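From first to last, the protein sequence lines stand for chains G and V. If you count by my numbering, then the first sequence holds residues 31 to 134, one letter each, in order. If you count by my numbering, then the second sequence holds residues 6 to 174, one letter each, in order.
If you are wondering where the hints come from, they were derived from the structure by calculation, not from laboratory data. Do not take every clue at face value.
Unchecked claim - Here are the simulated distance ranges between beta carbons:
#, chain 1, residue 1, chain 2, residue 2, range
1, G, K122, V, M37, 37 to 43 Å
2, G, N71, V, E22, 20 to 26 Å
3, G, K113, V, K144, 28 to 34 Å
4, V, K123, G, P114, 43 to 49 Å
5, G, K113, V, V77, 28 to 34 Å
6, G, G63, V, I74, 42 to 48 Å
7, G, E121, V, F58, 19 to 25 Å
8, G, G132, V, I74, 39 to 45 Å
9, V, D33, G, K122, 30 to 36 Å
10, V, V69, G, F126, 29 to 35 Å
11, V, S25, G, N71, 38 to 44 Å
12, V, K36, G, R88, 31 to 37 Å
13, V, K36, G, G132, 25 to 31 Å
Since this is a predicted model, take the numbers as computed values, not measurements. Where is the CB? At the ideal position from N, CA and C, for every residue including glycine.
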Amino acid sequence: FRFKDSLAEELRSADLVISHAGAGSCLETLEKGKPLIVVINDKLMDNHQLELAKQLHRDGYVLYCNCSTLVETLQSMDLSALKPFPPGQPEKFASFLDKVFGFQ
Amino acid sequence: TGGHTTEILRLLSCLSESYSPRHYVLADSDKMSEAKIRSFEEKRAETFSRSQFTLDRIPRSREVRQSWISSVVTTLYSILYSLPLTYKRKPDLILCNGPGTCVPVCLSAFLLGLLRIKRTVIVYVESICRVETLSLSGKILYYFSDYFIVQWPDLKKKYPKSVYLGRIV
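Bound-form chain V, shown alone (with noise of 0.2 Å):
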């Protein structure tokens, strides 16, 4: 969603093409970022020739503020539909910032990784609005994710198994 999909495009803007293709996986109610995503691959594809990408969409694991119950029972459903999804691409690695919509499709992957039917690596980015505290997706994958990354020092602090590497969006 919005916010979270400028925060990841610009961490995607200094990759090398050794990460591509690129699989979006988005909220099934998102309207908008579509579009900053076509946009940003068209401009990729002006130097990077073979670039490649794909987009699909998942239901929204949960809506803002809701409760801690029925998200359980949202994100499960979004289980449903992430894990047929991520064994489908097999990715090597997982990019996510934060929104709902990435805990389903991480905790899928770490299952498959469980499993031993593909192993990828989990990389977290917290939100640059975070700064004393992680988002409730942060405080989840904070145990399944292998590198998960903050961008202010106090966060660094109280989370010590993080990586800092300063303001990166």
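Bound-form chain G, shown alone (with noise of 0.2 Å):
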């Protein structure tokens, strides 16, 4: 398919994502504790998204690779060592704000 509005029930279902190193795809994914490895688009020239993908690599949260790469990752992958991934906070970012505003 092209376009969906959600891919909520496809990431229900799943076992293993495979990802871009978008990080709404990311992220929705580590949220619903499916395990990930995050694809890097190597022809975007300013490759911010391997930032992401690195961090998030280092922090032991998912695997990451290349196109090239991908088939090799697949066959010796350890879905296992991958850590669970902690919900973001934006209650604290809430509360910063109230804050700022003289908000309660």
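Got two chains here, each in a separate frame; can you build the complex from them with the hints?
If you want it as structure tokens, here you go:
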């Protein structure tokens, strides 16, 4: 399919997700507790996507590779070594803004 | 656009009704964000019945990897739209997280502040994707925002005037 409003259903039934390094895809997958392999697009010049994937990998949440190493990664992966991903805390942002504006 | 919209809606998720009405500004070419925003606001209206929001569009200020010089021109063109819009809405707070669309809006608000027409607090939250480097919008708005929030400690080190609250989306 081209574009769907939400991949939530597909995610729920998946055992493994292979995705590009877009933040939305990564975060949605990690939050649903699914193992994730992030594939970096070598051809995007300003490769800032790499930063998030590298950091998530460094912290032990995802595996990552590029298009040419995907098969190798799939063959040698150990998904049980991946750590559970703690959710972000938008409430901290709300508290911060409340302080700025003097709300409660 | 896409990822930015998802992130910003998460940022909004814990805000009280003091932050109302909400005025969303989108790029004219953005096809997917409107649905996400309406869905978010519909859900919100279930809890907060007096919830209000508006949606406006301005020309997209820059395409991915557009050259520096032509970006200045297209951004100036977007400001022609964002300036009257910002003047009309006179927001107390502008919250943005990095799509090119936020630059003309913030610059318009900054200008209206300089002209003593309306003082707007500009809060910029850099995307969670940005771990080691800032986006182009971030590099610009680091100097124009009142509060510049980053989500990874490396950026706090590199940009000491920023605020680090950890991961907030």
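Here is how each hint holds up against the structure:
no. : hint                          : verdict
1   : G:K122 <-> V:M37: 37 to 43 Å  : violated (27 Å)
2   : G:N71 <-> V:E22: 20 to 26 Å   : violated (41 Å)
3   : G:K113 <-> V:K144: 28 to 34 Å : holds (32 Å)
4   : V:K123 <-> G:P114: 43 to 49 Å : holds (46 Å)
5   : G:K113 <-> V:V77: 28 to 34 Å  : violated (44 Å)
6   : G:G63 <-> V:I74: 42 to 48 Å   : holds (46 Å)
7   : G:E121 <-> V:F58: 19 to 25 Å  : holds (21 Å)
8   : G:G132 <-> V:I74: 39 to 45 Å  : holds (43 Å)
9   : V:D33 <-> G:K122: 30 to 36 Å  : holds (33 Å)
10  : V:V69 <-> G:F126: 29 to 35 Å  : holds (30 Å)
11  : V:S25 <-> G:N71: 38 to 44 Å   : holds (39 Å)
12  : V:K36 <-> G:R88: 31 to 37 Å   : holds (35 Å)
13  : V:K36 <-> G:G132: 25 to 31 Å  : violated (39 Å)
In summary, the structure is inconsistent with hints 1, 2, 5 and 13 from the numbered list given earlier, while agreeing with the others.
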